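Student: If you read the protein sequences in the order shown, they are chains V and U. Anchor point for the first sequence: position 39 equals 39 in the working numbering, and the numbering is continuous, going up by one each time. Anchor point for the second sequence: position 106 equals 106 in the working numbering, and the numbering is continuous, going up by one each time.
A portion of the hints provided could be inaccurate.
Here are some, though not all, of the chain V residues that point toward chain U, as calculated from beta-carbon distances under 10 Å [as the list claims (entries may be wrong)]:
(1) Arg-15
(2) Val-19
(3) Glu-22
(4) Glu-31
(5) Gly-33
(6) Gly-44
(7) Gly-47
(8) Ala-50
(9) Glu-56
(10) Val-63
(11) Leu-64
(12) Phe-102
(13) Gly-106
(14) Ala-110
(15) Ala-131
(16) Asn-133
A few chain U positions that, by computed beta-carbon distances, are all more than 10 Å from chain V [what the hints assert, rightly or not]:
(17) Arg-18
(18) Ser-133
(19) Pro-156
(20) Glu-238
(21) Arg-263
Don't read these hints as lab results, they were simulated from the structure. Being a predicted model, the structure only gives us computed values, none of them experimental. Virtual Cβ for every residue (Gly too), placed ideally from N, Cα, C.
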Amino acid sequence: MSRYEVTFRVNGEERRASVRGEATLLRTLRELGHLDVKTSCEAGDCGACAVLLDGEAVNACLVLAAQADGCEIVTVRGIGTEGNLHPIQRQIVEKGGVQCGFCTPGIVVAAKALLDRNPAPSPEEIRRGLAGNLCRCTGYQKLFEAIAAAAQEMRG
Amino acid sequence: MDYVRAASLEEALAAALRPGAAFVAGGTNLVPDILFGRKKPVLAVDISRLRELRFIEERGGRLRIGALATVTDLLESDRVREAAPPLHESAVEFAGPLVRNRATVGGNLLDASPAADLAPPLLAQDGEAELLSAEGPRTLPLASFFLGYRKTTIRPGELLTAVSLRSLGPNDRSAYQKLQLRRAMAISVVSVAAALWMEGGRCAEAGIGMGAVAPVPYRSGAAEAELRGRVVGEAEAEAAAAAARREARAIDDVRASARYRERMCEVLVRRLLRRTLGLPSPARAH
Ligand SMILES: Cc1cc2nc3c(=O)[nH]c(=O)nc-3n(C[C@H](O)[C@H](O)[C@H](O)COP(=O)(O)OP(=O)(O)OC[C@H]3O[C@@H](n4cnc5c(N)ncnc54)[C@H](O)[C@@H]3O)c2cc1C
Ligand code: FES
Ligand code: FES
Numbered sequence: 001m002s003r004y005e006v007t008f009r010v011n012g013e014e015r016r017a018s019v020r021g022e023a024t025l026l027r028t029l030r031e032l033g034h035l036d037v038k039t040s041c042e043a044g045d046c047g048a049c050a051v052l053l054d055g056e057a058v059n060a061c062l063v064l065a066a067q068a069d070g071c072e073i074v075t076v077r078g079i080g081t082e083g084n085l086h087p088i089q090r091q092i093v094e095k096g097g098v099q100c101g102f103c104t105p106g107i108v109v110a111a112k113a114l115l116d117r118n119p120a121p122s123p124e125e126i127r128r129g130l131a132g133n134l135c136r137c138t139g140y141q142k143l144f145e146a147i148a149a150a151a152q153e154m155r156g
Numbered sequence: 001m002d003y004v005r006a007a008s009l010e011e012a013l014a015a016a017l018r019p020g021a022a023f024v025a026g027g028t029n030l031v032p033d034i035l036f037g038r039k040k041p042v043l044a045v046d047i048s049r050l051r052e053l054r055f056i057e058e059r060g061g062r063l064r065i066g067a068l069a070t071v072t073d074l075l076e077s078d079r080v081r082e083a084a085p086p087l088h089e090s091a092v093e094f095a096g097p098l099v100r101n102r103a104t105v106g107g108n109l110l111d112a113s114p115a116a117d118l119a120p121p122l123l124a125q126d127g128e129a130e131l132l133s134a135e136g137p138r139t140l141p142l143a144s145f146f147l148g149y150r151k152t153t154i155r156p157g158e159l160l161t162a163v164s165l166r167s168l169g170p171n172d173r174s175a176y177q178k179l180q181l182r183r184a185m186a187i188s189v190v191s192v193a194a195a196l197w198m199e200g201g202r203c204a205e206a207g208i209g210m211g212a213v214a215p216v217p218y219r220s221g222a223a224e225a226e227l228r229g230r231v232v233g234e235a236e237a238e239a240a241a242a243a244a245r246r247e248a249r250a251i252d253d254v255r256a257s258a259r260y261r262e263r264m265c266e267v268l269v270r271r272l273l274r275r276t277l278g279l280p281s282p283a284r285a286h
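One chain only, chain V, in its complex shape (with noise of 0.2 Å):
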């Protein structure tokens, strides 16, 4: 079975792998370590996999790893890590939008690529910039009021 050598950036380190054609993205940073992507449906319905590839939020599960060859990707943890929370992090977890945590990682980073196009979105735009990313616990009013937060806190 052929494999493909790939060489990509995670959170400004380089990573590199060994990979089959048909291995996702996803696969591949989780078995490279990089856990805080999370899987559940493969299936670009949850968003629970969302990471940031060449700057474009996109689900790693539909993307193939061979594709991402060269690119530089960006993961929950290079958005902000618990010594030092990015304003989206803090607000989700000042505003109670935590409660089991599976789809927090995709959700800051769905909510990382609507703040840095529109700084400044309206409800239904938060709304609308967060329909890929499902959440089975919070009910999303409470994600909501923290990306709105965050928007203004980091405006100034």
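Starting from the known structure of chain V, fit chain U with the ligands onto it as the hints suggest.
Tutor: Below, chain U with the ligands alone, put in the same frame as chain V:
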């Protein structure tokens, strides 16, 4: 599965000559199809880095859109919003942002789902497919592109390079609606795009694109015939709506029954025509 990244159109066409090869663009259809065993290509020919296929440009009264333009590209293009409002609206209603960033125009048409959302707006605006193979290029109307359920006229190894559509001007009329079971991230139950080119109060040319009704997206020739060359008012809108229903050869599936779909062909064609012509709130269907 083998994998090759094409660095040029020539490389892509040469690699695709291998039996069992499949092009992969955004991968939003093909990658899960492979993972879940619905498709088993022996070789994925990655065309996603062919920058020359990612463009939106005007040429000779038509808008040309490269096969690798993403749904996000459509959504953010002023030219699409002005010259093809139904296509813009279909991009607004398409999946969510994560999928839109990868999903391409070419992949949507070649996945050839009855519910491919970009098809009705492109059909309504006289869409044409530009194809390229080792034998050379050919262009054909999208109206004769879809042959049957998930079947198109594309030949093995042939690449869709672009689609083009007839632009709408500021005085022309158009409308779009996607019926879906929730407000986002839903597969169309029925979708309709309407385009009317106006000449001094008369509808000189009409295009009505229908999605998720039949095994293939199609143009409602019967509805268009009720509009073309006429001053379109109440009676013409009614006649077009009734014609769209009569012509529908609707499918039953998990989302809706054939009867419901046929009924919705009439309701949506009426609603869109009335909306775009500024007629008062739609009359109830019988
Ligand atoms: C969660 C989710 C939501 C979705 N929502 C919608 C929706 O609302 N509306 C909708 O219509 N679709 C939707 N889709 C389906 C899909 O995203 C679209 O059909 C998309 O446009 C496919 O494009 P792609 O580039 O990802 O195609 P790929 O998966 O890369 O390819 C699809 C097919 O087309 C072929 N192909 C691709 N490009 C070319 C080309 N240039 N020439 C020849 N063959 C080619 C491939 O070989 C393959 O058979 C959704 C998918 C997911 C996962
Ligand atoms: S795991 Fe990728 S979208 Fe669900
Ligand atoms: S917090 Fe549990 S899925 Fe969102």
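Student: If I take the minimum Cβ distance from Arg-18(U) to any residue of chain V, is it greater than 10 Å?
Tutor: The claim stands: Arg-18(U) keeps its Cβ more than 10 Å from every Cβ of chain V (closest is about 13 Å).
Student: Checking hints one by one. Is Ala-131(V) an interface residue toward chain U, by the C-beta closer than 10 Å rule?
Tutor: 4 Å, holds
Student: Double-check Leu-64(V) for me: the hint is only fine if its C-beta lies closer than 10 Å to a C-beta in chain U.
Tutor: Where the cut-off is 10 Å and the nearest Cβ of chain U is about 6 Å from Leu-64(V), the hint holds.
Student: Hey, does the Glu-56(V) contact hint survive, CB to chain U under 10 Å?
Tutor: Cβ of Glu-56(V) sits 5 Å from chain U, so the hint holds.
Student: Per the CB criterion, is Ala-50(V) less than 10 Å away from chain U?
Tutor: 6 Å, holds
Student: With 10 Å as the cut and Cβ atoms as the points, is Gly-47(V) at the interface with chain U?
Tutor: OK, holds: Gly-47(V) within 10 Å of chain U, min 6 Å.
Student: Would you check whether Asn-133(V) satisfies its interface hint, that is, whether its CB is within less than 10 Å of any CB in chain U?
Tutor: Since the shortest Cβ distance to chain U is 8 Å, the answer is holds.
Student: Quick check on Phe-102(V) please, does its C-beta sit within 10 Å of some C-beta on chain U?
Tutor: Constraint on Phe-102(V) not satisfied, violated at 16 Å.
Student: Does the closest beta carbon of chain U sit nearer than 10 Å to the beta carbon of Val-19(V)?
Tutor: Nearest chain U Cβ about 9 Å off; hint holds.
Student: How about Gly-44(V): closest beta carbon in chain U under 10 Å, or not?
Tutor: Nearest chain U Cβ about 6 Å off; hint holds.
Student: Can we confirm that no CB of chain V comes within 10 Å of the CB of Pro-156(U)?
Tutor: Per Cβ check, Pro-156(U) is outside 10 Å of chain V; nearest 19 Å; holds.
Student: Let's test the interface hint: is any C-beta of chain U closer than 10 Å to that of Gly-33(V)?
Tutor: 21 Å, violated
The structure shown violates the earlier hints numbered 1, 4, 5, 12.
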